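Visitor: Okay, here's what each chain looks like letter by letter:
Protein chains: 2
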Amino acid sequence: MITKPRIRRNPEEARALILAAAGKRLEEHGLRGLNIKDVADDSGIKHGTLLHHFGSAEGMRRALLAKLSEELISDMSSILNSDAAPEIVFVELFRLMSQTGQTKLLAWRALEEDSDIVSKEEIASIDLIEHIVQRVAERIKGKDVDLARNLIFLALSSAVGWGICGPTLMSTLGMTASQQDQFPAWVGEQLPKLI
Amino acid sequence: MITKPRIRRNPEEARALILAAAGKRLEEHGLRGLNIKDVADDSGIKHGTLLHHFGSAEGMRRALLAKLSEELISDMSSILNSDAAPEIVFVELFRLMSQTGQTKLLAWRALEEDSDIVSKEEIASIDLIEHIVQRVAERIKGKDVDLARNLIFLALSSAVGWGICGPTLMSTLGMTASQQDQFPAWVGEQLPKLI
DNA sequence: TTTACTATTGACACCATTGTTAATAAGAGG
DNA sequence: CCTCTTATTAACAATGGTGTCAATAGTAAA
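Residue numbers (the numbering used here), protein chains in the order written: chain A, 1 to 195; chain B, 1 to 195.
Only true hints are included.
In the PhoX-like style, the derived pairs of lysine-lysine whose C-alpha atoms are separated by at most 25 Å in a straight line are: (1) K193/A / K193/B; (2) K143/A / K193/B; (3) K37/A / K4/A; (4) K37/A / K67/A; (5) K141/A / K193/B; (6) K141/B / K193/B; (7) K67/B / K24/B; (8) K24/A / K37/A; (9) K193/A / K143/A; (10) K67/A / K24/A; (11) K24/B / K37/B; (12) K46/A / K4/A; (13) K193/A / K143/B; (14) K67/A / K46/A; (15) K193/A / K141/B.
To give an idea of the interface, some chain A residues facing chain B are shown, with a C-beta separation under 8 Å as derived from the structure: (16) K104; (17) R149; (18) F153; (19) W162; (20) L169; (21) L173; (22) W186; (23) V187; (24) Q190.
Just so you know, the hints here were simulated from the structure itself, not pulled from any lab data. From a predicted model like this one, the values you see are computed outputs, not experimental measurements. Each residue gets a CB set at the ideal place from its N, CA and C atoms; glycine is no exception.
Make the full structure from the sequences, and use the hints.
Guide: Rendered as structure tokens:
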């Protein structure tokens, strides 16, 4: 009797493998793709092993949600915190949000009731964000911190909206493809005018 | 043998009953609440009857998606098309998008691959939107239609982003509750300055 | 080498959801 | 009153996703 060789991974490695496959499935197949059978198949392990590492299917989903949220906050922070000119910063922000993975992550979070799943990690990032707010405020006469916050949130919310339903809304508005492409740059030019 | 009396509805009435219950379930329980068993129970009919009217569970979901999308486009149009001052219009727009139903609708659409389910109805509303774009353009010197389009899209996308993850993003930015409430009004004041 | 720990696996059971079918009954039209 | 259509229902079957369990096999430590 020949038995198949087993690959024994350490727990972190196994979890990382599984979450990577889960993230890809979320992008390609939406929420319905996030079942333990398919995710396990994609990552080359058996579904029993997956349950061993995450406890339940819901546990796996929560772990993925937390991981992706952390990554998004991190990406946003590093873009906002860069020394690039505002025009570049805004374009980068829109480019980040137009990735399907980010869109589906935000949509998924909006559909979940208990959206405080990842609040701990995000609260940890407030300090960094606050630093960014201060830096933007310094460019404003009178160092208007509230104005800086509003401007940053306007850029962020618009980028999110762009990611969620940009193409649909824009074609509804009758915008051509090139007009759609130029919108991020336009925002980058216009928002500084409000200072 | 006593048989229960049967209520016989006409098809439109039955479909309306079912979709109303489905919409409420989407708001309260998310996508997982959109199964034929629960929806049928809530609307007081048997799940077999539901399948008779919509063909399949997916058919019911597509019908709900189409109905809600139509309603959203209609609400957006009537707000944009009102004669109210820009400040009021923006606040109304944000109020519309902050309703949980609209949030979940957009999130749902973003998660679905085939987002052209409702394209026909939306395309039919382009004429109305185009009329609104023209009206806004008339307030701009030189009747800059492209600028009008960009402004409207900035407002819309920001409102969508506000609906999808407004509270989360804003508390991450360190905004107080009152600052969060005032944001729509702030947008209403600022955007006209870009003209 | 021996032992202890645990990641891994296959097989199984369970449950929720979906879909099918034949029978029934309500209502419209003749 | 009779007939035809079809909305309605209960009961059943099928499927797929979830979770359990005992056995197995790497791996590190004693």
